[in-house]
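Number of protein chains: 2
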Amino acid sequence: MAKEVTLVEYLFLRLHQLGVRSVHGVPGDYNLVALDYVEPSGLHWVGNANELNAGYAADGYARIKGLSALVTAFGVGELSALNAVGGAYAEKAPVVHIVGVPSTASQDQGLCLHHSFGDGNFRLNADVYAKFTCAQANLRDKEVAPALIDETLRQCLLQSRPVYIELPTDLVKAGIPAAKLERPIDLSVSPNDAVIENAAIEDILKRLYAAKQPFIIVDGFAPRYGISSEADELVRVTGFPTSTTPFGKGIINETYPNFHGIYAGAAGKEVYVPWVNSCDLVVRIAPLNADTNTYSFTTLTKRNLTIVVHQNGVEVCGAFYRDLNTKTLLRKLLDRLDKSKLPRLSPYPDLGDPKKQLYDLAKPARDAIIDQNTFWQRISNFFRSGDILMTETGTSSSGGRDFVLPPQTTVINSALWLSIGYMLAACSGASLAQREMISEKSRPAGRTILFEGDGSLQMSVQAIGDIIRNRLDITIFVINNNGYTIERYINGMHAGYNWVQPWRYLESARYFGAPENDPEYPVFNKRVKNWGELLDVMQDEQLKAGKGFNMVEVIMHEEDAPASLKNLVRMAAKRNEGSAETTPARQELKKLKKRRDRDGDVVIDSTPRKKSTSLSLSLSLSLW
Amino acid sequence: MAKEVTLVEYLFLRLHQLGVRSVHGVPGDYNLVALDYVEPSGLHWVGNANELNAGYAADGYARIKGLSALVTAFGVGELSALNAVGGAYAEKAPVVHIVGVPSTASQDQGLCLHHSFGDGNFRLNADVYAKFTCAQANLRDKEVAPALIDETLRQCLLQSRPVYIELPTDLVKAGIPAAKLERPIDLSVSPNDAVIENAAIEDILKRLYAAKQPFIIVDGFAPRYGISSEADELVRVTGFPTSTTPFGKGIINETYPNFHGIYAGAAGKEVYVPWVNSCDLVVRIAPLNADTNTYSFTTLTKRNLTIVVHQNGVEVCGAFYRDLNTKTLLRKLLDRLDKSKLPRLSPYPDLGDPKKQLYDLAKPARDAIIDQNTFWQRISNFFRSGDILMTETGTSSSGGRDFVLPPQTTVINSALWLSIGYMLAACSGASLAQREMISEKSRPAGRTILFEGDGSLQMSVQAIGDIIRNRLDITIFVINNNGYTIERYINGMHAGYNWVQPWRYLESARYFGAPENDPEYPVFNKRVKNWGELLDVMQDEQLKAGKGFNMVEVIMHEEDAPASLKNLVRMAAKRNEGSAETTPARQELKKLKKRRDRDGDVVIDSTPRKKSTSLSLSLSLSLW
Ligand SMILES: Cc1ncc(C[n+]2csc(CCOP(=O)(O)OP(=O)(O)O)c2C)c(N)n1
Ligand SMILES: Cc1ncc(C[n+]2csc(CCOP(=O)(O)OP(=O)(O)O)c2C)c(N)n1
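In order, the protein sequence lines correspond to chains A and B. The opening residue of the first sequence carries number 2 in the working numbering; numbering runs sequentially from there. The opening residue of the second sequence carries number 2 in the working numbering; numbering runs sequentially from there.
None of these hints come from the bench; they were simulated from the model.
Same chains, same names: a pair is fine if it fits in one copy or spans any two.
The calculated SDA-like cross-link candidates involving lysine to any residue, where the alpha carbons are at most 25 Å apart (straight line), are:
#1 K527 to R511
#2 K132 to D109
#3 K442 to H17
#4 K575 to E5
#5 K213 to L335
#6 K527 to E508
#7 K174 to K567
#8 K575 to R141
Given the structure is predicted, the values throughout are model-derived calculations rather than measurements.
Same shape as in the complex, but just chain A (with noise of 0.2 Å):
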């Protein structure tokens, strides 16, 4: 190797180091110089059509494989960018969000340059992107450039969030000695206190043996903490009735005969709430306490009879073990674990059997109109091990929970931030993660399938130019119903605003250029209005094999959205009226401020941090 790399280069082979094979983003002239290093160092170079959808692109590719890198121009290309990383950071997607800035002499001048508002202050975007990024580097010296990436990287990598750096222009080409890349970034993490340790599982596993009518929720930071198959494997071998919140669909195998599907609190099935509520132990797996993935706060369980799985400590029942890495302590626990002595459900509750409902559905009437209520289910017997399933906010994440998924498969949905449009972006950014996977034999065989609304679609549509050009391999069912049918449930059922022009979605191949009679790269569409025609596109071997573009239509009724969805959303109206009816939850939730007030610290989140923990805690009492 050349003794001297640039530092471009060494940033972007530290990204190759860590696994990253493709750099979505878009060229601006304070980035193009930097851009000439992509390819060079083992890059491929996207090209997004815009930032947003760069950005959420890079939020899909980092969902899949670990890590991403976006670069965007400073200024008009970075801010574009915002509301994408924005959804890493509250998702907990681990994006490198690299920015191209002007050279350190004309930020030094102050000059009135393009892209800012001519006021000399080039610290305006980075004070924003301080918030929505866990760390940040504006590399001005090259002496401690290299340093400050390889910090930079490991808390993006650690805290599995975006982080920021900004790259001047006149410091793209500064030499780095290229020894310095030879020692990869540490990533390891300190280990546990082991007496600490071992009382949080002794804790735990003392729980587990005596529980009579015990729970488990897996949650979806479980990826983020890297500890999906240990909670899989918890799952598995306790036999204890599992669900997964929305957010969570996906990451345990959901064959297993103790498994039931999504637990949807006051939303869902009435047998459901009362029998967790007379559980006498819940496991929560790296949870998202929000209201959208907790059906507003009514799946939450009683602090003392919980045991939550943090990324970085156990809560167990109300004591609080903290600063333990916790993959390393769920691994010590399974495999202490005596399976002989867990309690054995007699007789099993029934709380539902998702593949025998699937089984059990009557063959819906050829010409019958595809109704919402089914529709989730029935798609399901398309699905296969090794698909990414990706469902877009609106009707489709809602109904997506019903899912009956076959081993193997991946759920992408959005539980906190739900940006619509992030879907079609991200999932070019996922089918990308998932053919060089596939190529490299990290991941299985399988197909990356979208389920995306309408009015979700025209927010970034020109993902599907970006698909186009880099050849992804997509399926995508577009949920035409005329609008924003999620929105009509909340307000306006019959109101102007949640209709959107109705555009021809079947030419969106034709339109982004695709193209025509190529072996390599097929297009399939087709427009679906009743289960007949459903029922046989699914058999059509064209659209099952999922090579090339690929695109159907469902046609759905405006008014028509699974059941769950009307429920959950008449919650949400009426959070939004913020009535002054005293209801349990507000008394909780009174409670919950005057103690905040005291503490004088504002922390209700998923991760727990010091002073906050009551809040979190306390937000756990069932609420309704």
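Could you slot chain B with the ligands onto chain A? The hints should help.
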């Protein structure tokens, strides 16, 4: 009128009083109920496909109509629009950004709600927006809300910059006495100090009369300060040689014999710079001293020979007369001006006559490829009084500087923020404002004509759906040169990252759902590959009418660009290198930096502020 109106009606009716007739934006669950009041308040809901485009469109509407409204939802919605609002802030477009936020109760309880980071912080986005808007109102209390709204709208208009209003869901329907709407919002400015104003006028008149070689440069903030007609009158009455900046294009009547096109400094015709540098008086009206508007600062002139007209003050050759409304001042100046005392330039300098240059152009060969060097002049024959001409950043905005304009045309380009994607969406807002104003008889009949690069079009393409939804009359010339040609000139002439996926642009109308064979909304599509085809299309009656949706795809060579652009980007590339060579400019900037370090305040701005005067003036020294 009813005795009470809801708070949201109060807001919408205030906007209506100020001339707003359409509201841009996207629904979201925190703003839905507010949207129920749009149409009842006499406003049209535009319903954009995404928030960034809604923001851009609101900006375009504001630049034509003088005020606009944008409604988004908390978090994901408002953040998606941030870059658009940033552009409005930088280039002074008065946009009222109304954000539907969670109820005050939910906020106060610090709930873990969707569209937030889940950390109980509901000030995050407002904190960001405080940097991107000139006034903010958080409507938490119905007693003070009306006054807060009034003051925020006042600031929006007076400063001609975006403002930010948070509307919690539980305040939407709060009752406000309708009588409060009867007194209009006070938009008066405090009267000028008569003595200081008089001194300034005398000082200016003296210098106008004494000048031997005077020069006027009209810049783009003139409409924002409401002084376009005064600028026009000054140019007409004095007969002084006049140019505009790129941003100032079209503000004065460019058919005057003393108008000589854009002064392009080091990037322009060689004779021009020495002539300007030997002027003994330069009048700059409403300047924006950005690199991109001053051709890398090469059009700046000596402070002691320059009169600068700002919004609230004039600098007269070094003396700064502050706190004067310059609209009033200019009016008085023009009334008092004695034409007979003005110098007559003889011989009148040969600074070029754009109209004659266009007339003199040799007829192109019909089958010759369309070249950037003459396209922008020749297309001018298509323009008519009343037209709005919009040129997107790229070869279009550079080329559009060569337009030869009929009187009463409006040009919109970006001169500081330069966010591509802006112009397509902005043209939907501009066209809507134009349609309203034509029907209100406050604007002459005319068309909205957009010049847009293929790369830029891809950024915000769903705006075409918004155009069709709102049945806006628009003519788009798409400059198809296979990608980011302006960037190719900065770096990477043959680089893959400057290439874009080729779309089938001419199918836009179809794809985005334009009606077929609707005489009320006709569609025109045509690709032109050579001069013959272009000249024919310019004669087409349907295209000339400009009714409905019209697109002309103009094929140009990837490596072709207007000459002035080639020169400009060469300078920008040099600055990006930030190399250490010492040029006169660099020395000047060093001095500047020293002075700034001493003064402790980093402000270089086109608007003078306290303490910043020495800085903004010192930059006015000729740098090259
Ligand atoms: C960026 C952004 N803007 C607005 C919203 C508010 N919003 C949430 S869901 C939704 C409608 C989704 O409609 P569609 O994609 O058609 O799905 P449907 O419910 O009709 O299946 C909207 C507008 C949002 N979440 N994100
Ligand atoms: C939001 C945003 N992203 C990136 C840029 C950087 N940029 C400036 S001009 C340009 C290319 C414009 O290309 P095109 O619209 O095709 O115009 P051309 O110069 O080819 O005519 C780019 C990418 C920008 N100004 N704004």
